Amino acid sequence: NAGVTQTPKFRVLKTGQSMTLLCAQDMNHEYMYWYRQDPGMGLRLIHYSVGEGTTAKGEVPDGYNVSRLKKQNFLLGLESAAPSQTSVYFCASSYPIAGDLSTDTQYFGPGTRLTVL
Amino acid sequence: KQEVTQIPAALSVPEGENLVLNCSFTDSAIYNLQWFRQDPGKGLTSLLLIQSSQREQTSGRLNASLDKSSGRSTLYIAASQPGDSATYLCAVPASGGSYIPTFGRGTSLIVHP
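These protein sequence lines are chains L and E, in that order.
Here the first sequence is numbered in this note's numbering, starting from -5 and rising by one per residue.
Here the second sequence is numbered in this note's numbering, starting from 30 and rising by one per residue.
One or more of the hints may lead you astray.
As the list claims (entries may be wrong) - With a straight-line cut-off of 27 Å between C-alpha atoms, the simulated DSSO-like cross-links for lysine-lysine are: (1) Lys51/L to Lys71/E; (2) Lys65/L to Lys71/E; (3) Lys97/E to Lys64/L; (4) Lys3/L to Lys65/L; (5) Lys30/E to Lys97/E.
Unchecked claim - The following residues of chain E were derived to be distant from chain L, with all beta-carbon distances above 10 Å: (6) Asn51; (7) Ser82; (8) Pro122.
It is worth saying that the hints were derived from the structure and are not from the lab.
In this text, all values refer to a predicted model and were calculated from it rather than measured experimentally.
Note that CB positions come from ideal geometry on N, CA and C, so glycine has one too.
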């Protein structure tokens, strides 16, 4: 199993450009998440999904959109990139065993390093 | 709002020492607590998951304990090695019965030979 994969690994954008980050998981997990990690700020949740076709806002959703058209994929879009969106983006997935949320364990992808000039 | 604090923020020790990393949280109504390891430039790797009904979990030289009533967890690393050098993060679900995790800012550990 590849686990959680993210595409691309690195990207440089100019202000105002758009792009989509792809997250894919092969573990049949229901839940998927997008985080950003910034120095001194820790990991912050952008958006998440509890199943195919559903999405919800996290702590810092402004400037981002997401889609979960297939269970195994979770896309993060930046419509008009800003320098404040320079960050490392992590995708994660999880699945509570037999619906027991106390067993819900997150698995992370390797990250995408995005620079917006 | 769930607040997660990790102390110390950074730690540098000689090889062989036994270590204790601390994680505290403000809302004790949690499903579980998870400890992660992050190497520089890499993603997070799950180390241990402690369910709310459990008091501790062990994996090799790692032992994590959970005291929900006091809002604390500790990660104990026995006989530390240079390969243990990394940032260690804890995560607990957000407040209000949510299962969405809130992360601490981590403890950066350096173990020197």
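Going down the list of hints, with the structure as the test:
1. Lys51/L to Lys71/E: holds (25 Å)
2. Lys65/L to Lys71/E: With a Cα-Cα distance of about 25 Å, the restraint between lysine 65/L and lysine 71/E holds, given a limit of 27 Å.
3. Lys97/E to Lys64/L: Not OK: lysine 97/E and lysine 64/L at ~37 Å, beyond 27 Å, violated.
4. Lys3/L to Lys65/L: Holds. Lysine 3/L to lysine 65/L sits at ~22 Å (cutoff 27 Å).
5. Lys30/E to Lys97/E: holds (16 Å)
6. Asn51: holds (16 Å)
7. Ser82: At about 7 Å from chain L, serine 82/E fails to clear the 10 Å cut-off, so the statement is violated.
8. Pro122: violated (8 Å)
Comparing the model with each earlier hint shows violations of hints 3, 7 and 8; every other hint is respected.
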